[in-house]
Every structure is written in structure tokens, then in C-alpha cells.
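Asker: Chains as they are written, first to last, in the numbering used here: chain A, 51 to 118; chain B, 51 to 118; chain C, 51 to 118; chain D, 51 to 118; chain E, 51 to 118; chain F, 51 to 118.
It does not matter which identical chain is used: a pair holds within one copy or between any two.
Below, computed lysine to any residue pairings styled on SDA-like, alpha-carbon distance capped at 25 angstroms:
| hint | residue 1 | residue 2 |
| --- | --- | --- |
| 1 | K62 | S110 |
| 2 | K62 | L104 |
| 3 | K114 | P87 |
| 4 | K113 | D95 |
| 5 | K84 | R60 |
| 6 | K62 | D98 |
| 7 | K85 | N55 |
| 8 | K84 | R115 |
| 9 | K113 | E96 |
| 10 | K85 | D95 |
Please keep in mind that the hints were generated in silico from the structure rather than gathered at the bench.
All values derive from a computational prediction rather than experimental measurement.
Protein chains: 6
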Amino acid sequence: MPYVNIRFVREKATKQQKAALIRGVTNLLHDILKKNPATTVVVIDEVDPDNWGLGGETVSLRKKRREG
Amino acid sequence: MPYVNIRFVREKATKQQKAALIRGVTNLLHDILKKNPATTVVVIDEVDPDNWGLGGETVSLRKKRREG
Amino acid sequence: MPYVNIRFVREKATKQQKAALIRGVTNLLHDILKKNPATTVVVIDEVDPDNWGLGGETVSLRKKRREG
Amino acid sequence: MPYVNIRFVREKATKQQKAALIRGVTNLLHDILKKNPATTVVVIDEVDPDNWGLGGETVSLRKKRREG
Amino acid sequence: MPYVNIRFVREKATKQQKAALIRGVTNLLHDILKKNPATTVVVIDEVDPDNWGLGGETVSLRKKRREG
Amino acid sequence: MPYVNIRFVREKATKQQKAALIRGVTNLLHDILKKNPATTVVVIDEVDPDNWGLGGETVSLRKKRREG
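Working from the sequences, and respecting the hints, build out all of it.
Answerer: Given below as C-alpha cells:
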């Protein structure tokens, strides 16, 4: 009955990749902690690069700087 | 002064239903725990079915399988 | 399959009150949005008054000021 | 290595304002708690006014009432 | 630079199991989405069974009923 | 009416430091986005070093390795 929230910057993640991530995390929780997959909830939040900060800077600015 | 976060798969929830949910949860917190409605915050997140997993599978795949 | 997170300052909430809150929120989601109670997850976080701020001030300071 | 999540109603916040917020919060964590800015993550969620409740009412209804 | 929050009912999870979970989720994010492990944050919240609800009932009550 | 959640590893943060953090974040939201301090909620979660992972490793293991 775990709840997992995965958040990352929206880029190019496909449906297939997100499905693989959900399957993988659910399996890990079962393999390591015997958590029941049937009631394991995994929610992915894809966040705009203007809204994600690392090192005091938005991801969109970090990218621009690196490319510029 | 409670904070409530309600997350579910985006489907067809109307403004009226979301308003009723916010009113209902705020009232519950007041009735049961005497929490002050004036500072009770309720935030609803509607999540893409590709980003919500249950039983190790995305909701969009579960639906497709059931209908298919 | 909704996930609800209820956060409030730790005070004197009893097991019975918390159980009533969980039941009430689960029923609301069923009554208003037809969400399946069997997979509705509700998690309560009770937070230390030193760790909760409102109006730029911790709840523990607000209480002290009011009582003092 | 802190994680900060800032949520508010989506209005007219610009990229510059969001960048300033991320910089400011990261600096605060460094100045007050010596947390390393390089691994400080700040994520902003801008929420639809129909999905944000205060005082048992959505923000969109509160605004309509005030203006109406 | 992802942030992952894993929440489950506090039971008997050991340090080793929690470390394995953190390693596993970080690897998944790298293998599937090429996310940089160095800035991947994983936070585990172990929740009191009185504070976790499923099916409208706390986990502590569900257990008591099953055992009783 | 913003909600801010600040999470970091439990170390030696004092009441005064946490109060300063809450005041600082509330002021930032007012100065940058004109958010009303009276309804700004800030919640701090201090997390056990066994439950916080960075770089695929728990903070408690990282520390032990560095000191060992």
C-alpha cells in the first residue's frame, strides 16, 4: 500500500519509459519490502524547466548558459 | 490551518464537483478536529493517466486492456 | 485510486478522530467523484508546532504570544 | 541537499519572478542552515484557481464573488 | 535531478532495506531516463499505522480486524 | 495563500533557525509575488538520515564513509 511520487523536469519521457518506471518501482517495493503491488500507487509529476531550481538557478537558465 | 492535497487521475471532474470536494473536506476538518476553515487550504492535483500507476501499470494501460 | 495527504499541527487528535477523518474523506471522494474506496489512500501527517508556520511565524510562537 | 516545494495559485508569475524565488529560497537555506546550494532542489507548482481551496471555497469562486 | 518521495506504513524496514530501495530507485531513473544519480534525491517517509488509511479504514484497524 | 514544504535531513536545526526560515520564505513570497503573509503556510519536515538518499546512497552511509 505504498505511495510513491516521482518528480522530474519535463523533457522527452515517453509513455513507455514512464510505464517502465512505474513497473520498476512497484517491483522494487515488492522485492525489498514485500509490499503488495496491487495497492502500490506511483505518481509521476513532470515539471516545467522554469519551475525547477537546482543550485539556486532554474533548469531553463542552466541549459541556456551551457548551450550559449 | 491544515493543508490537504488531493490527487487523482484527471477524468471528467467538473468545477462544481471540485468545489464540493473542497467544501466537504474543509467541513470534515472543522467538525472532527475543530480546525479553522478560514485557514484550511485544500489543493487538488489532477494527474494524466499515463503518469498514474496502480498495480505496477499505468491507468491508461489498465483502461485499454479492460476495453480492448 | 485517489491519494489524499492531510497535514496539520500535532495537538491532541485521537485515533478515533483520525479514523473518522479517513472514513469521511474516502466517502466524499466516492459520493462526489465515484472514486473506488478500496484503492483510496489517505495519509495524515501530524507536524510539530515548531515546524509549522503561518503568517511568517511558527505556531509555537503564535500560541506563546497569545497566552503570554 | 534540501528539497523545497512551493505551491501557489497560477496567476501572472513571470520566469524572472520564479527564478528570483528559487534563488532567494536557496540562499536562505544556505545562510540560516549552511545547506549546500549545489544540491538544493526547489520545485514550484502553479495550481489552477478551480483546484485551490481556502475557507472551504475555490479561489475562482472567491474572486468572482469579490468582483461580482 | 529527480526527487522521489516513497511513503509506506512504518513496520520493520531495516536500514539495509531502505538503502537498497534508495539505490534501486536511483538506478531505475538512470537506466530508463538517463537521470544523473549524483543529483537524484530519494526521501522515505515511514507513517504510523493510525495515520494511514486504505478503503476508508486505518491500517491499524484493518490489522486488528484481520487478527481478531 | 501559498503552501511551502521544506524538507531536509534532521541535524541540529534550532527553533530559532526554523523560525527564521519560515519568516524568510514568507517574506520572499510577499516581496516577489505579493502573496499575502497572513495565509502563507510553511511546513518543515526534518528527515532521518537513514531515510534520505542522494547519489543512490543514504546520508547516514555517506557520512560514515567520509568520516571512516
